[in-house]
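Engineer: Chain U is fixed; fit chain G onto it per the hints.
Chains U and G supply the protein sequences, listed in that same order.
In terms of my numbering, the first sequence opens at residue 1 and continues consecutively.
In terms of my numbering, the second sequence opens at residue 1001 and continues consecutively.
Please keep in mind that the hints were generated in silico from the structure rather than gathered at the bench.
Be aware that one or more of the hints could be misleading.
Covered by chain G, according to a simulated footprint, are these stretches of chain U (three or more residues, beta-carbon under 8 Å) [to be verified]: (1) 142-149; (2) 215-221.
Which residues of chain U face chain G? A few of them, derived with a C-beta cut under 10 Å, are [to be verified]: (3) 42; (4) 45; (5) 124; (6) 128; (7) 204; (8) 205; (9) 208; (10) 226; (11) 235; (12) 252; (13) 253; (14) 254; (15) 349; (16) 403; (17) 404.
Pulled from the structure, derived: some chain U residues nowhere near chain G, Cβ distances all over 12 Å [stated by the list, open to error]: (18) 4; (19) 11; (20) 65; (21) 109; (22) 121; (23) 132; (24) 155; (25) 177; (26) 203; (27) 256; (28) 260; (29) 268; (30) 315; (31) 381; (32) 396.
Quantities reported herein were computed from a predicted structural model and do not represent experimental measurements.
Each residue gets a CB set at the ideal place from its N, CA and C atoms; glycine is no exception.
Number of protein chains: 2
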Amino acid sequence: MQLLTTDQRVRQLQDRMAVHDVDACVFLLPENIVLLTGFYVRIPGLGIAFVPREGEASLMVPSYDMDRARVTWSGDLRNFSAVVDAKPATGPLTKSLQGLLGVADGVQAHLSDLCERHGARGGRIGFEGSFEQVSPAILIEPNCVGLPTQAMLKQVFATEELFDVFELIEQIRAVKTDYDLERLSVVNEIAQFGLEAFHEAAVPGSTDAQVRSAVESAIANRGHGYRGARSVRGLATVGSGRDLVTHGWNYQITTGRTIEEGDLVMVEMGTVADGYWADNTRTVVAGAAGTELQQQADKVVWQAIRAALEAAVPGARAGDVDAAARRVCEESGLPGVFPHQTGHGVGYRYHESTPNLVPNGDAILREGMCIAVEPAFYGLEYGGGVRQEHNAIVRPGGAVALTTLDLQFGTAPVSA
Amino acid sequence: MQLLTTDQRVRQLQDRMAVHDVDACVFLLPENIVLLTGFYVRIPGLGIAFVPREGEASLMVPSYDMDRARVTWSGDLRNFSAVVDAKPATGPLTKSLQGLLGVADGVQAHLSDLCERHGARGGRIGFEGSFEQVSPAILIEPNCVGLPTQAMLKQVFATEELFDVFELIEQIRAVKTDYDLERLSVVNEIAQFGLEAFHEAAVPGSTDAQVRSAVESAIANRGHGYRGARSVRGLATVGSGRDLVTHGWNYQITTGRTIEEGDLVMVEMGTVADGYWADNTRTVVAGAAGTELQQQADKVVWQAIRAALEAAVPGARAGDVDAAARRVCEESGLPGVFPHQTGHGVGYRYHESTPNLVPNGDAILREGMCIAVEPAFYGLEYGGGVRQEHNAIVRPGGAVALTTLDLQFGTAPVSA
Chain U
1 MQLLTTDQRV RQLQDRMAVH DVDACVFLLP ENIVLLTGFY VRIPGLGIAF
51 VPREGEASLM VPSYDMDRAR VTWSGDLRNF SAVVDAKPAT GPLTKSLQGL
101 LGVADGVQAH LSDLCERHGA RGGRIGFEGS FEQVSPAILI EPNCVGLPTQ
151 AMLKQVFATE ELFDVFELIE QIRAVKTDYD LERLSVVNEI AQFGLEAFHE
201 AAVPGSTDAQ VRSAVESAIA NRGHGYRGAR SVRGLATVGS GRDLVTHGWN
251 YQITTGRTIE EGDLVMVEMG TVADGYWADN TRTVVAGAAG TELQQQADKV
301 VWQAIRAALE AAVPGARAGD VDAAARRVCE ESGLPGVFPH QTGHGVGYRY
351 HESTPNLVPN GDAILREGMC IAVEPAFYGL EYGGGVRQEH NAIVRPGGAV
401 ALTTLDLQFG TAPVSA
Chain G
1001 MQLLTTDQRV RQLQDRMAVH DVDACVFLLP ENIVLLTGFY VRIPGLGIAF
1051 VPREGEASLM VPSYDMDRAR VTWSGDLRNF SAVVDAKPAT GPLTKSLQGL
1101 LGVADGVQAH LSDLCERHGA RGGRIGFEGS FEQVSPAILI EPNCVGLPTQ
1151 AMLKQVFATE ELFDVFELIE QIRAVKTDYD LERLSVVNEI AQFGLEAFHE
1201 AAVPGSTDAQ VRSAVESAIA NRGHGYRGAR SVRGLATVGS GRDLVTHGWN
1251 YQITTGRTIE EGDLVMVEMG TVADGYWADN TRTVVAGAAG TELQQQADKV
1301 VWQAIRAALE AAVPGARAGD VDAAARRVCE ESGLPGVFPH QTGHGVGYRY
1351 HESTPNLVPN GDAILREGMC IAVEPAFYGL EYGGGVRQEH NAIVRPGGAV
1401 ALTTLDLQFG TAPVSA
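Chain U on its own, in the form it takes in the complex:
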């Protein structure tokens, strides 16, 4: 299996940097390090990418992560002392995790060197200014880019001119490369282990917490090593029965509630493998076939997903995809058509904001985009709600699902 990334993402970014007259960019968010280098940061902040307007990009990692970085990144690779070979440092990053771990000085020395080598001193420096929703690193505790990083960049690059790279990243990240698609295929197959565990565990007598544990355990235990996956985690939420109504029937929270026969049980599930994410939802009826209304809702949700995938062709508007799914639900005459978005982008993050599949959404779909589609019905009539969610890749013949398009109430799986 080919794990090495190419410099395709770096070149895409450099093309846009030229247009906006940006001299260099510095990245600290794990999701953008994955995008540019394939490296999945272990401890938040301990993995930094530098991209000059022209020439080779650089990846900086702790010394103990050099071998791991080489699995995906063949470009310039530098190391710094952290955790096991560092003393806590002082400087602009002391407010942040980087300071706590004593890494600030080493990273700043590399950045100063890169600044001089690439003639970026006093230039326009790109930074992650508008990322207010981010992906965590392997060890989960999240890092952000705020004032300390901005102060450090101004000092190191001797500039007052920082440029927010959010839009540039949005433009390139939504369309996945062949490398990305391989990784997304892997993480969706691993997600399926979690869905299988959910179907087995969501039975009367289990607690919601136990079902969540079974789902996440299956993802971790079967996912590590699967098709070369190295760092895997499931982050699921399970709700059931009346909790789906009283606690908000969408994006429920997990409790210790015991599932009873005939309860609706819903799992909302993020799965991450080596920095690539899948987003899946399934709803089942515990120990029963479900009421006629639940079964109807289940069937219509499935039809709505199919309609959304068929509409998700290159050139389509996000609003058209939303309308396709919403129309199927509305025309069914069933109550409680979902009020939220039909879906969203997914891949480098559990939820990506491009394309946003909402009513009148004006994003244009392009081949290779990865979308999550999640139509639903909610209401007391259903005992909560019925939602399914699949991830799919936009293709000329319609989006191709990355997991089996099964119905949730025990019907045999139907292939896409």
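Structural biologist: Just chain G now, kept in the frame of chain U:
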């Protein structure tokens, strides 16, 4: 059990706002919402706190979270439409999760109203500018405060003057209230469920991933409902054998490696219950008593923890606590004394930066601070490393541990 917070934190903040001439503060980070109101945000961004310089603070939550917010917050409570009753919105927050979920307009309307009521228009507005390490919300996917939030605040409050509240929050959060201490006691007892599961699961034949799953499952399955805990999660990392060396023996990453007899196995474990965090590490030898050197290291680490806790009295300097633990390790004559910090603050986050227990650290310890203490030895001689980590509350007679001060290699627990 008393779950309701008091307005003690709000008053502490208001005292400091007066000193810095800050007219109002707006908080979007889950950890600061917990600090001020006790409310543990479900979906990142969907929970906002407003604190005026004088008078009552306000908490804004999605309509479906009103009952949940009332469990801890008795002050002004407002709701907005999100997810189940909202259409995606436009505006300055559309780049962020808040925009994706259609909440921007509702929140801005509340903030505009609060701005007028409290005379904050054109004033100095506090925001979370320097939080580069943050705690996630219940559903984990993290949110940050960046340029979109700053633009929104400037627009709503008709001001150009934003004030970074990082230092004000740091000053008050490090010392825990009685309410906090109750919550920290609960989460540490829940963490102990994970530690028990670790001792049972870390045996030859298990994979590191399976051990992690066992630890996290025990925390979730036994933790929900324990002493009133509502939202519980373990976020563990397990490494073993030669991986503890080749993958960096500190802050290892979990893989599918199968544990062999005599392997060192280490768990680094964050536990969160209702927004309060514990940070624990344990090392064991799988299926064996350990070599003489491993046993010596184990014993010295335990002595170092005791020394750190004895030194952690009100008025002590962080550097003194670090020195107390480090001296015990150095005077033992064993190789590979830990190069990292002796410890750090913990509570609202897995890792808090005050007090930072590092060599020459100048933070002054105060009664009620919650610290994590994690001395260790690392090296090939040990087959990786031996680390234990305990959380404790600073008291006049020395810090009091929140979990049992057990030795890791099977010795009977020793009470603190």
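Engineer: Give a verdict on every hint.
Structural biologist: Verification of the supplied hints:
1. 142-149: With 8 residues in contact (Cβ-Cβ under 8 Å with chain G), the coverage given for the stretch 142-149 of chain U holds.
2. 215-221: Our answer is that it holds, as 4 residues pass the Cβ test (under 8 Å) against chain G, meeting three.
3. 42: holds, 6 Å
4. 45: holds, 7 Å
5. 124: Violated. Min distance 16 Å.
6. 128: For residue 128(U), the interface hint holds, since the closest Cβ of chain G sits about 8 Å away, which is under 10 Å.
7. 204: Because about 17 Å separates residue 204(U) from the closest Cβ in chain G, which is outside the 10 Å limit, the hint is violated.
8. 205: Violated, because the Cβ-Cβ distance from residue 205(U) to chain G comes to roughly 13 Å (cut-off 10 Å).
9. 208: The hint holds - residue 208(U) has a Cβ within 10 Å of chain G, the shortest such distance being about 8 Å.
10. 226: This interface hint holds because 8 Å falls under the 10 Å limit.
11. 235: Since chain G brings a Cβ to about 5 Å from residue 235(U), closer than 10 Å, the hint holds.
12. 252: holds, 9 Å
13. 253: At 6 Å from the nearest chain G Cβ, residue 253(U) passes the 10 Å test, so the hint holds.
14. 254: Holds, about 7 Å.
15. 349: holds, 7 Å
16. 403: violated, 20 Å
17. 404: Violated. Min distance 24 Å.
18. 4: Since the minimum Cβ distance to chain G is about 20 Å, residue 4(U) lies beyond 12 Å and the statement holds.
19. 11: Holds, since 25 Å exceeds 12 Å.
20. 65: violated, 7 Å
21. 109: About 19 Å separates residue 109(U) from the closest Cβ of chain G, which puts it past 12 Å; holds.
22. 121: holds, 24 Å
23. 132: Residue 132(U) is in fact no farther than 12 Å from some Cβ atom of chain G, at 3 Å.
24. 155: holds, 15 Å
25. 177: holds, 23 Å
26. 203: Correct as stated: the minimum Cβ-Cβ distance to chain G is 15 Å, above 12 Å.
27. 256: violated, 3 Å
28. 260: Check passes; 17 Å lies beyond 12 Å.
29. 268: violated, 8 Å
30. 315: holds, 22 Å
31. 381: Since the minimum Cβ distance to chain G is about 15 Å, residue 381(U) lies beyond 12 Å and the statement holds.
32. 396: holds, 27 Å
Comparing the model with each numbered hint stated earlier shows that hints 5, 7, 8, 16, 17, 20, 23, 27 and 29 do not hold.
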